[in-house]
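Asker: With chain Y fixed as given, assemble chains U, S and G onto it according to the hints.
4 protein chains.
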Amino acid sequence: MTAVTDALRRQEIELPSWAFGNSGTRFKVFSQPGVPRSPEEKIDDAAVVHRLTGVAPSVALHIPWDKVDDYAALSAYAKEQGVRLGAINTNVFQDEDYKLGSVTNPDPRIRRKATDHLLEAVDIMDQTGSRDLKLWFSDGTNYPGQDDIWDRQDRLAAALRETYDRLGEHQRILLEYKLFEPAFYTTDVPDWGTSYAHCLELGPKATVCIDTGHHAPGTNIEFIVAFLLRAGRLGAFDFNSRFYADDDLMVGSADPFQLFRIMNEIVRGDALDPANGIAFMLDQCHNIEAKIPAIIRSVMNVQEATAKALLVDRAALREAQQGGDVLAANAVLMDAYNTDVRPLLAELRIEQGLDPDPIAAYRHSGYAEKITAERADGQQAGWGA
Amino acid sequence: MTAVTDALRRQEIELPSWAFGNSGTRFKVFSQPGVPRSPEEKIDDAAVVHRLTGVAPSVALHIPWDKVDDYAALSAYAKEQGVRLGAINTNVFQDEDYKLGSVTNPDPRIRRKATDHLLEAVDIMDQTGSRDLKLWFSDGTNYPGQDDIWDRQDRLAAALRETYDRLGEHQRILLEYKLFEPAFYTTDVPDWGTSYAHCLELGPKATVCIDTGHHAPGTNIEFIVAFLLRAGRLGAFDFNSRFYADDDLMVGSADPFQLFRIMNEIVRGDALDPANGIAFMLDQCHNIEAKIPAIIRSVMNVQEATAKALLVDRAALREAQQGGDVLAANAVLMDAYNTDVRPLLAELRIEQGLDPDPIAAYRHSGYAEKITAERADGQQAGWGA
Amino acid sequence: MTAVTDALRRQEIELPSWAFGNSGTRFKVFSQPGVPRSPEEKIDDAAVVHRLTGVAPSVALHIPWDKVDDYAALSAYAKEQGVRLGAINTNVFQDEDYKLGSVTNPDPRIRRKATDHLLEAVDIMDQTGSRDLKLWFSDGTNYPGQDDIWDRQDRLAAALRETYDRLGEHQRILLEYKLFEPAFYTTDVPDWGTSYAHCLELGPKATVCIDTGHHAPGTNIEFIVAFLLRAGRLGAFDFNSRFYADDDLMVGSADPFQLFRIMNEIVRGDALDPANGIAFMLDQCHNIEAKIPAIIRSVMNVQEATAKALLVDRAALREAQQGGDVLAANAVLMDAYNTDVRPLLAELRIEQGLDPDPIAAYRHSGYAEKITAERADGQQAGWGA
Amino acid sequence: MTAVTDALRRQEIELPSWAFGNSGTRFKVFSQPGVPRSPEEKIDDAAVVHRLTGVAPSVALHIPWDKVDDYAALSAYAKEQGVRLGAINTNVFQDEDYKLGSVTNPDPRIRRKATDHLLEAVDIMDQTGSRDLKLWFSDGTNYPGQDDIWDRQDRLAAALRETYDRLGEHQRILLEYKLFEPAFYTTDVPDWGTSYAHCLELGPKATVCIDTGHHAPGTNIEFIVAFLLRAGRLGAFDFNSRFYADDDLMVGSADPFQLFRIMNEIVRGDALDPANGIAFMLDQCHNIEAKIPAIIRSVMNVQEATAKALLVDRAALREAQQGGDVLAANAVLMDAYNTDVRPLLAELRIEQGLDPDPIAAYRHSGYAEKITAERADGQQAGWGA
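Residue numbers (the UniProt record's numbering), protein chains in the order written: chain Y, 1 to 385; chain U, 1 to 385; chain S, 1 to 385; chain G, 1 to 385.
None of these hints come from the bench; they were simulated from the model.
Quantities reported herein were computed from a predicted structural model and do not represent experimental measurements.
Fair warning: there could be bad hints in the mix.
To be verified - Quick list of in silico lysine to aspartate or glutamate cross-link-like pairs, DMTMM-like style, CA-CA up to 20 angstroms:
{"id": "1", "chain 1": "S", "residue 1": "LYS28", "chain 2": "G", "residue 2": "ASP97"}
{"id": "2", "chain 1": "Y", "residue 1": "LYS28", "chain 2": "U", "residue 2": "ASP97"}
{"id": "3", "chain 1": "Y", "residue 1": "LYS28", "chain 2": "U", "residue 2": "ASP95"}
{"id": "4", "chain 1": "U", "residue 1": "LYS28", "chain 2": "Y", "residue 2": "GLU181"}
{"id": "5", "chain 1": "G", "residue 1": "LYS28", "chain 2": "S", "residue 2": "GLU181"}
{"id": "6", "chain 1": "G", "residue 1": "LYS79", "chain 2": "G", "residue 2": "ASP44"}
{"id": "7", "chain 1": "S", "residue 1": "LYS67", "chain 2": "S", "residue 2": "ASP95"}
{"id": "8", "chain 1": "Y", "residue 1": "LYS79", "chain 2": "Y", "residue 2": "ASP126"}
{"id": "9", "chain 1": "U", "residue 1": "LYS28", "chain 2": "Y", "residue 2": "GLU96"}
{"id": "10", "chain 1": "S", "residue 1": "LYS28", "chain 2": "G", "residue 2": "GLU181"}
{"id": "11", "chain 1": "S", "residue 1": "LYS99", "chain 2": "U", "residue 2": "GLU319"}
{"id": "12", "chain 1": "G", "residue 1": "LYS28", "chain 2": "S", "residue 2": "ASP95"}
{"id": "13", "chain 1": "U", "residue 1": "LYS99", "chain 2": "S", "residue 2": "GLU319"}
{"id": "14", "chain 1": "Y", "residue 1": "LYS28", "chain 2": "U", "residue 2": "GLU96"}
{"id": "15", "chain 1": "U", "residue 1": "LYS67", "chain 2": "U", "residue 2": "GLU120"}
{"id": "16", "chain 1": "U", "residue 1": "LYS67", "chain 2": "U", "residue 2": "ASP95"}
{"id": "17", "chain 1": "S", "residue 1": "LYS28", "chain 2": "G", "residue 2": "GLU96"}
{"id": "18", "chain 1": "G", "residue 1": "LYS113", "chain 2": "G", "residue 2": "GLU162"}
{"id": "19", "chain 1": "Y", "residue 1": "LYS67", "chain 2": "Y", "residue 2": "GLU96"}
{"id": "20", "chain 1": "U", "residue 1": "LYS28", "chain 2": "Y", "residue 2": "ASP97"}
{"id": "21", "chain 1": "Y", "residue 1": "LYS99", "chain 2": "G", "residue 2": "ASP325"}
{"id": "22", "chain 1": "Y", "residue 1": "LYS28", "chain 2": "U", "residue 2": "GLU181"}
{"id": "23", "chain 1": "Y", "residue 1": "LYS99", "chain 2": "G", "residue 2": "GLU319"}
{"id": "24", "chain 1": "U", "residue 1": "LYS99", "chain 2": "S", "residue 2": "ASP325"}
{"id": "25", "chain 1": "S", "residue 1": "LYS28", "chain 2": "G", "residue 2": "ASP95"}
{"id": "26", "chain 1": "S", "residue 1": "LYS113", "chain 2": "S", "residue 2": "ASP123"}
{"id": "27", "chain 1": "G", "residue 1": "LYS28", "chain 2": "S", "residue 2": "GLU96"}
{"id": "28", "chain 1": "S", "residue 1": "LYS99", "chain 2": "U", "residue 2": "ASP325"}
{"id": "29", "chain 1": "G", "residue 1": "LYS99", "chain 2": "Y", "residue 2": "ASP325"}
{"id": "30", "chain 1": "G", "residue 1": "LYS28", "chain 2": "S", "residue 2": "ASP97"}
If we strip away everything but chain Y, and leave its shape as in the complex, we get (with noise of 0.2 angstroms):
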């Protein structure tokens, strides 16, 4: 029981910025009080997770949505507020000039626009000390002949190789994958094939980002987690939940077993410490729920599968495995997965020095009626679609 919770004491979970503002749907974002105004305020309102949860302490950034005049200056204001700042996002899909594409844009303008995009990103890398410049792509094609698909995948591989180039020593890309959305007939890193691919093309500090909602339906996510850690390939999860298509809801929230097999594939591989440079982060949007709350229930939900899947008896489940014991080896599985953890967590948190319930601290924090009132005024932070 030690070594659970040694490895519980040690795990961290990244916080995405973007998941404190306003977003929503096309047919409609509605805004809630008390929402960010600034990067800053959306570092205070991370802050708040860590400090209540204590595993939550570092915070992702979106370029441009969180640009700043003085990076240096924001990160020393995390580090005042008890949180890092953790990797840096990319967007290249908020400009007029990417309707086609952005570095995969068939005109040549557009693409340097796009690649400089990345590039200035591992500027802010650099003043920032982030590690990670997590690049997700929404280039693609809605139409059958719209653009070549072979042409595509060169344009990409060129702006990524350039980036690869651009980074430091202890930089590297987490290269992120989605099957469709915004793009609606090819999508040009639809899978992780495509991302693996590109990264063994590119070199060591280039590792492939899972993003849990962006797989045709069916897939098997934790096959995927296996493989690519067998391939020492794997650079990060974007975490969040789904039950049709990239529904962007609370990780944990639609198939609480799954996360649990994706968390029982990293104990078993090993990868759960965040010396084995293994980032795990939110992304999430939540529309209708109220966002600081609903992040410290997906950041609970990620420890309580965590939890689990270091509750699994190893040794009782490769005995069954090798035997060929299928209910046996699946008994073993089920047993972990069954078990209550909330005590479990909810002890350790009172180790150190937390409340046992981090949702019930944040209603009686006061923290929601402070930032309604002080944030009434002012432009709320969103996705700026």
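Answerer: Then chains U, S and G, alone, in the frame of chain Y:
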């Protein structure tokens, strides 16, 4: 062949006013030059499509996007342009109040407000002379437990009943269904079965509207068409196409064979003639392609699929089917599908005094240049998300 | 808590005789030692499951797989073993005649033969005292054009009508639906809507059977449960689980949270008690795992999901729902789901004089060794494909 | 146009011996009159298809279904009939030993046996002169926890390595992938990425085989085609079509537009000519339709899709793509797709001394009647499940 051309001559396809406005995804709405700024300008554009194709004589409105003070005047304006106003579409999804639902909201005040909007839409129908009230509800939930599924059905039934009872003698409800988006866990009218069951309960003036992009992967849409025709409850189509989810691409662009199979059931069920009461409407978003030519192309795609369906040798098909000759029956269908019907349609257009190539005619008309210049100022119409 | 254990004590789960026989995929049927060779031996095995779990008092038969000369004798035999005969399942898919369909076949002779089989099944029900006639039709087509969708509905309706009219006063039809397999283009009863529409037409003794593996990807099954309960037309479940298509894995093994959500609607709709007429049946294939313990595990999985659903704090849930508190409502549900109900169920078993661990009890019982030895000769039961 | 007909004249499609035998679903295998009883009779039937279509000069074998004592003699027999032996397909899924896997089985004895079968297949290739060893593994698991995903990859890699090292200079591996079935939780080679990664590791003689029915819903197959062509790792197609899962219907029957888009990438990547090393094979099951004419139809469907792809105006397409004209680019593609290429192919056949209508020619040939009479006795070939 006379029967084929006669049927094609009588075909009518309804255009959605909103397809002429800007649209996009949650990531970005790209704007286009020349986009209309008012309901009248949308009607202007729709009238151009009708003048060039000869089969798009009506325009569906979306309330409140097309709200005007004087609907009779709008109706008269449409007539002057050579078209008429068609279905009235309600919108109970873009008000902050509707965050947790409209007619199924747990809050009775919001349900009242939403239902009042539906009743107001019938008032508008009285003024426009529209027959069809198209109801699409984005209502649903994002998280298990969020609301009670059963209660929401009760609330839905109550709002539908009140609206149904308000209908005039020659008015009817088209109840649309959609699997998901913007709701990501439950949708209150997720499938044709739900829509059909409510229609049965309401009475003969309630029929199902099939949006071709609103189904789970693998759903056989033509089966639903045949089933509803047999049951006398198919009211309308919202045509568009999709590779993944509700992509709202040009109808016929993703799976032209599916569109043909749908039209084949229409012809088989003798439901093509406008006199038979099925409304064939487009419901699309032209996010990255030029809007007016995209709509012309869509209209032509429906025409071509219809022509092929009309060419199916029904006697030979029935004989092969009755004889259990799988390959022969399939071959009869494929023979029609593989026929190039473009010459036939070009001839039909010439006979009707139209240009045989509506796309080229549009390009040469100067209309695009004209509206780009004339509509440079002002607020472009859009989804308003 | 008394209410919870009372409800659990009354719960009944029906076992399918065929799950004890060999099964497989189109690629291979693997045989297992000790598999039954007769309906009586299947009943023996089912009785073992009931003796160990206390909640599986009935066995569904499949005709002709379980054809015997004297059904009254078989019924008496079952009673001696401590179980009773349950639903009668018809099989109109394993005769060369049914290649192009059974009750929907274009050939009237074959339709007659298939319908006669259904009527014969009611004769058997008269002898076994069964209440439920479960109808699943593999009927459909593989190729567009192969047969007429509408005509097939007419034929289906006629066969159902004839069968319905033959039902005794306390007998009823459970009409199952399935998206696809073995038909690969259209299926004549592909979804709940089709089944529901036919049931409405037939009369009050016709209800829908939900097989949890028979849906398109992304279908929300608990919505269908709630809808049919509200409509008074849910007759039965065929429980199993799936990651992809109709995988027929052990219920609760692929998505235990979904099973919980389904049982939550059952409890919410007050439909758990056997007196309320919903039949909870397993319908699974244990292709690679030992069959009897797999069925014990499946029964326990349903029990555990039920216990969790019974633990949902309905008052708190309703309050959060009515107040529009998305996170609180979800948390009430998740609190129940995250509870480890195994101790509660172990206690219940002890109280009923059972071993608290039915799987271990089976392992220690020597039954597996006994049947392996006794049933070494003869023809093992199977699907007969 | 000469370029088009030249390319069509050189096209080659490989037929699978097993498509001539009986097949079915797990529910039922329906038998057909005249089905072959031996590898020689399968070759006879394949030769008929080639004689009628002129584009199917080779036959793939499946071991052990096509096991013979003397492969050189079989090869000579094929040559006499006017065809040659093609790829050797291995079968490590129909032995009781393979219940929990073949080359990935936890039991080293079984892995050895399975790998030996692969090596034996290379021995056969030495005798038949086959270039291609097609490997499809049904290996996987049905339940979470059943076996270790990572370990299974290690075992797979070891078996592939041993087989690869056994290949002769002009032999190669085609590694097929499949999402699911018969394994229902994990499959050891579930997607193109997994296959590609193993091929990279193995060396230049390992390439990916795309079975068009083996993907998750919504997968863009032509993207994979383009990607693998660019990477130089596309080895072969197993053509068939599907509406739902791995339905194995006639290629082009479910989504002819998809088949066209696939062939369009082939033409775009200059990969049609047999000299370029891509094998175009059918892999289908004709469960309910007459087998030989179904295969003729399938061959014709591939031909028609190819002819349309060859008709695409590449210069116009590229110009529209480069200019960012979405509609124009799509229109160029659709113009080719909408062309009726049957007259062109009829002409080509006449020029080659063939009947312009191979289906009619088959019907009139008397071959069906001949084999029905001659093959009335004996054991029909089938899948042997």
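Asker: For each hint, tell me whether it holds in the structure or not.
Answerer: Each hint, compared with the structure:
Under the criterion of a C-alpha separation no larger than 20 angstroms, the hint pairing LYS28/S with ASP97/G is consistent with the structure, at around 11 angstroms. For the hint linking LYS28/Y to ASP97/U, the alpha-carbon distance of about 11 angstroms falls within 20 angstroms, and the restraint holds. Proposed proximity of LYS28/Y and ASP95/U is supported: the alpha carbons are some 8 angstroms apart, at most 20 angstroms. Between LYS28/U and GLU181/Y the alpha-carbon distance is near 11 angstroms, which keeps this suggested pair within the 20 angstroms criterion.
A C-alpha spacing of about 11 angstroms is found between LYS28/G and GLU181/S, which places the hinted pair at or below 20 angstroms, so the restraint holds. A distance of roughly 11 angstroms separates the Cα atoms of LYS79/G and ASP44/G; the hinted pair therefore holds under the 20 angstroms criterion. Only pairs whose Cα atoms come within 20 angstroms are accepted, and LYS67/S paired with ASP95/S is accepted, the gap being roughly 15 angstroms. Between the alpha carbons of LYS79/Y and ASP126/Y the distance comes to roughly 17 angstroms, so the proposed pair stays at or under 20 angstroms and holds.
Our distance criterion of 20 angstroms between C-alpha atoms is met by LYS28/U and GLU96/Y, whose separation comes to about 9 angstroms. In summary, the hint linking LYS28/S to GLU181/G is supported, as the alpha carbons are separated by about 11 angstroms, within the 20 angstroms threshold. For the suggested pair LYS99/S and GLU319/U, the alpha carbons sit about 18 angstroms apart, so the restraint of at most 20 angstroms is met. Restraint check: the Cα-Cα separation between LYS28/G and ASP95/S comes to about 8 angstroms, which is no more than 20 angstroms; the hinted pair holds.
A hinted pair counts as satisfied when its Cα atoms are at most 20 angstroms apart, and LYS99/U with GLU319/S qualifies at roughly 18 angstroms. The straight-line distance between the Cα atoms of LYS28/Y and GLU96/U is roughly 9 angstroms, inside the 20 angstroms bound, and the hint therefore holds. Pair hint LYS67/U plus GLU120/U holds up; C-alpha atoms about 11 angstroms apart against a cutoff of 20 angstroms. A hinted pair counts as satisfied when its Cα atoms are at most 20 angstroms apart, and LYS67/U with ASP95/U qualifies at roughly 15 angstroms.
For the hint linking LYS28/S to GLU96/G, the alpha-carbon distance of about 9 angstroms falls within 20 angstroms, and the restraint holds. Only pairs whose Cα atoms come within 20 angstroms are accepted, and LYS113/G paired with GLU162/G is accepted, the gap being roughly 13 angstroms. Taking the CA atoms of LYS67/Y and GLU96/Y, the gap is near 19 angstroms; set against the 20 angstroms cutoff, the hint holds. Restraint check for LYS28/U and ASP97/Y: the C-alpha separation of about 11 angstroms stays at or below 20 angstroms, so the hint holds.
Distance restraint check for LYS99/Y and ASP325/G: the Cα-Cα separation of roughly 12 angstroms lies within the 20 angstroms cut-off, and the hinted pair is therefore satisfied. Between LYS28/Y and GLU181/U the CA atoms are separated by roughly 11 angstroms; this keeps the pair inside 20 angstroms, and the hint holds. For the hint linking LYS99/Y to GLU319/G, the alpha-carbon distance of about 18 angstroms falls within 20 angstroms, and the restraint holds. Between LYS99/U and ASP325/S, the direct Cα distance comes to roughly 12 angstroms. Compliance with the 20 angstroms bound is thereby established for this hinted pair.
Pair hint LYS28/S plus ASP95/G holds up; C-alpha atoms about 8 angstroms apart against a cutoff of 20 angstroms. Distance hint between LYS113/S and ASP123/S is fulfilled; the C-alpha atoms sit about 15 angstroms from each other, no more than 20 angstroms. With a CA separation close to 9 angstroms, the supplied pair LYS28/G and GLU96/S stays within the 20 angstroms bound. For a cut-off of 20 angstroms, the pair hint linking LYS99/S to ASP325/U stands: about 12 angstroms separates their Cα positions.
Restraint check: the Cα-Cα separation between LYS99/G and ASP325/Y comes to about 12 angstroms, which is no more than 20 angstroms; the hinted pair holds. Note on LYS28/G and ASP97/S: the hinted pairing holds, with a Cα-Cα distance of about 11 angstroms set against a maximum of 20 angstroms.
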